Amino acid sequence: MILEILRMAFDSLTVNKLRSFLSMLGIIIGVGAVIAIVSVGSGARSQVTSQISQLGSNLITISPGIRRGTSGRISFTATDLFTMELAAQIRQNCPSVGRIMPNVQTSGLLIAGSNNYQTQVVGVTPVYQQIYNFYPARGQFITEEHEANAINVMVLGSGLAQELFPETDPLGQTVKLFARNRNYLFVVVGVMEEKGTGAWGNIENQAFIPASVIMKKINNRKYVNGYTAQAVSAAAAKAAVGEIEYFLTRYLGSADRFRVTSQEQLLETITQVTGTLSLMLGGIAGISLLVGGIGIMNIMLVSVTERTREIGIRKALGAKSRHIMAQFIIEALTMSGLGGLLGIGLGWVGAVGVARIGGWPLVVTHTSILVAFSFSLLVGVFFGIYPARKASKLDPVIALSYE
Amino acid sequence: MLIQVVNLQKIYRMGPVQVEALKGVSFQIEAGEFVAIIGPSGSGKSTLMHILGCLDQPTGGHYYLEGQDVSTVSDNELAEIRNKKIGFVFQQFNLLPKANILQNVCVPLIYGGVRGRRRQLKLAEEALRQVGLGDRLHHRPNEISGGQKQRVAIARALINNPSLILADEPTGNLDSKTGQEILGIFRHLNEEGHTIVIVTHDPEIAKQARRVIQIRDGLVQKDEVIA
Ligand SMILES: Nc1ncnc2c1ncn2[C@@H]1O[C@H](COP(=O)(O)OP(=O)(O)O)[C@@H](O)[C@H]1O
Ligand SMILES: [Mg+2]
Chain D
64 MILEILRMAF
74 DSLTVNKLRS
84 FLSMLGIIIG
94 VGAVIAIVSV
104 GSGARSQVTS
114 QISQLGSNLI
124 TISPGIRRGT
134 SGRISFTATD
144 LFTMELAAQI
154 RQNCPSVGRI
164 MPNVQTSGLL
174 IAGSNNYQTQ
184 VVGVTPVYQQ
194 IYNFYPARGQ
204 FITEEHEANA
214 INVMVLGSGL
224 AQELFPETDP
234 LGQTVKLFAR
244 NRNYLFVVVG
254 VMEEKGTGAW
264 GNIENQAFIP
274 ASVIMKKINN
284 RKYVNGYTAQ
294 AVSAAAAKAA
304 VGEIEYFLTR
314 YLGSADRFRV
324 TSQEQLLETI
334 TQVTGTLSLM
344 LGGIAGISLL
354 VGGIGIMNIM
364 LVSVTERTRE
374 IGIRKALGAK
384 SRHIMAQFII
394 EALTMSGLGG
404 LLGIGLGWVG
414 AVGVARIGGW
424 PLVVTHTSIL
434 VAFSFSLLVG
444 VFFGIYPARK
454 ASKLDPVIAL
464 SYE
Chain U
98 MLIQVVNLQK
108 IYRMGPVQVE
118 ALKGVSFQIE
128 AGEFVAIIGP
138 SGSGKSTLMH
148 ILGCLDQPTG
158 GHYYLEGQDV
168 STVSDNELAE
178 IRNKKIGFVF
188 QQFNLLPKAN
198 ILQNVCVPLI
208 YGGVRGRRRQ
218 LKLAEEALRQ
228 VGLGDRLHHR
238 PNEISGGQKQ
248 RVAIARALIN
258 NPSLILADEP
268 TGNLDSKTGQ
278 EILGIFRHLN
288 EEGHTIVIVT
298 HDPEIAKQAR
308 RVIQIRDGLV
318 QKDEVIA
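From first to last, the protein sequence lines stand for chains D and U.
Quick note, in this note's numbering, the first sequence goes up one by one and the last residue is 466.
Quick note, in this note's numbering, the second sequence goes up one by one and the last residue is 324.
Errors might be hidden in some of the hints.
Unchecked claim - Lysine-lysine pairs mimicking DSSO-like chemistry, simulated, CA-CA at most 27 Å apart: (1) Lys456/D - Lys182/U; (2) Lys304/U - Lys319/U; (3) Lys195/U - Lys456/D; (4) Lys181/U - Lys453/D; (5) Lys195/U - Lys80/D; (6) Lys383/D - Lys181/U.
To be clear, the hints were calculated from the coordinates, so they are not data collected in a lab.
What you are looking at is a predicted structure, and each value in this text was computed from that prediction instead of being measured.
When you get a sec, could you build the whole thing from the sequences and use the hints?
This is the structure we're talking about:
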């Protein structure tokens, strides 16, 4: 019986192909939009998160707190708190913290022979390599000895090495740094590996020197901007954050003076933001589905009116109300289901296109397909019920005399 | 007794206006009879047939079909009775235009719950052979003549082996020669034992029935058995 009704539904749709297609269009576009949007959302998200987790999901940033200015008091950033010694203390007092390094940097003009390049100069300690999973490809990195004695050595990012020494081997060469109106001479001891542009901007064009050189020779300050810590494992990141907060609150006397953010929190925020965004766009696509449903209802009502006589004949031959109801609901379902399938195809094509343009992986999840398709079926049932009920309630004698 | 109607009334209400189409009709029909109902246009013949065919229900009186009072049953039960016990033939043929004639004859089988498409098609083919249309099975209704359409309708009415065949002016849209052929089929069916009630305003056709009930203004005026 179901099979017969299904075939009947299909037949009646093929009689008016163009009309059926036009009524399905809303559903097609709606489902297509849902699939494409969800795919674009998760594609973009997976790209961002993979970039962040490349840096290590167990990174924790400790930065100065901002005290808000209330009633006439000016807001200020709590500086002059973080020393090199404090870094050592944090490591000692927080068992979940594996490595920690200060954040100090300056910017300046690097000059090598006739080439020069304005860039970021990062003050590092040897643990930088492990924390950022970023190692020299040639030569060596900054060593404990360089750091302890504040020796003027420099490691170049691979891009920077190209800029300054396009022809010659940079190892052992001298580079002049012009910063804060003074010149400093450095010997190049290493060149970093290539990593591609990541979430942190272009690290390929940075230069690395001992943190102590920046603090003692260039900035002449014993304070650093903050710290980057690494938990002993990704699982320990949360615990590390808690330990650092506990320790620093007691050490500095107030929780206002610092902020601790983990990579994980950053990830969560990004996930949340992109989630909200997809939800919003998905909502808009949902409205399109709704409009599609109304389109189907409209055409079903027309169809019921057109086929009043057919309904009368069927009833005269013994069709019960539920048979007529089933016939029209299945017809609406066939329309919305077919529209859903076409929409999935359309959405897929759209997702492939956008992913190619955006340069992120194509993510079309089973869930989004299933949800969009079930939703289109639901729309079919929902908007099919009213016309179907109308058809099933027709009086057979009146329906038979309909011209 | 196959049919007993007692003081059957039908009043149509259209806002403030009331039309009394049947004003108290009573008669009985035994199984195996061939009854013609005649009367002028607007006298209530179709209204009566719709009630007898369980397409409509009376506003007063009782209708017993095989002893069951069907003036009070639910819509669903009425549909079931229409499907199993009654074969209705219309003046307008009322075939489904988009289905071929084989599929048309199958429709009552589908709603009757006869399982298996192949079995349905076989039964339908047999019924169409009985009315002489074995070679037109896959034609659509608009590809055959009026007389042939009415034969399809008769095959469709017969397919579930109903106890009662009702025909409301079955020859009204046909020329007289074709009309005679259709009437011949009904007579043949009656000889095989089917109970047939046929509405007509053609006295020539009425003469060929075995009993004539004359209706006028919603009342039985004459009820006579012809030899
Ligand atoms: N659905 C209806 N609504 C109102 N009046 C109707 C309806 N059907 C029939 N009638 C009226 O009932 C009377 C009998 O009609 P009908 O049974 O069709 O007569 P017949 O078939 O003998 O020509 C007529 O006056 C007709 O106008
Ligand atoms: Mg009539």
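Evaluation of the provided hints:
1. A distance of roughly 22 Å separates the Cα atoms of Lys456/D and Lys182/U; the hinted pair therefore holds under the 27 Å criterion.
2. Distance check on the hinted pair: Lys304/U and Lys319/U sit about 14 Å apart at the alpha-carbon level, within 27 Å; holds.
3. Of the pairs offered as hints, the one joining Lys195/U and Lys456/D holds, with about 23 Å between alpha carbons and a cut-off of 27 Å not exceeded.
4. Our distance criterion of 27 Å between C-alpha atoms is met by Lys181/U and Lys453/D, whose separation comes to about 25 Å.
5. Straight-line distance between C-alpha atoms of Lys195/U and Lys80/D comes to about 15 Å, which keeps the hinted pair within the 27 Å bound.
6. Of the pairs offered as hints, the one joining Lys383/D and Lys181/U holds, with about 13 Å between alpha carbons and a cut-off of 27 Å not exceeded.
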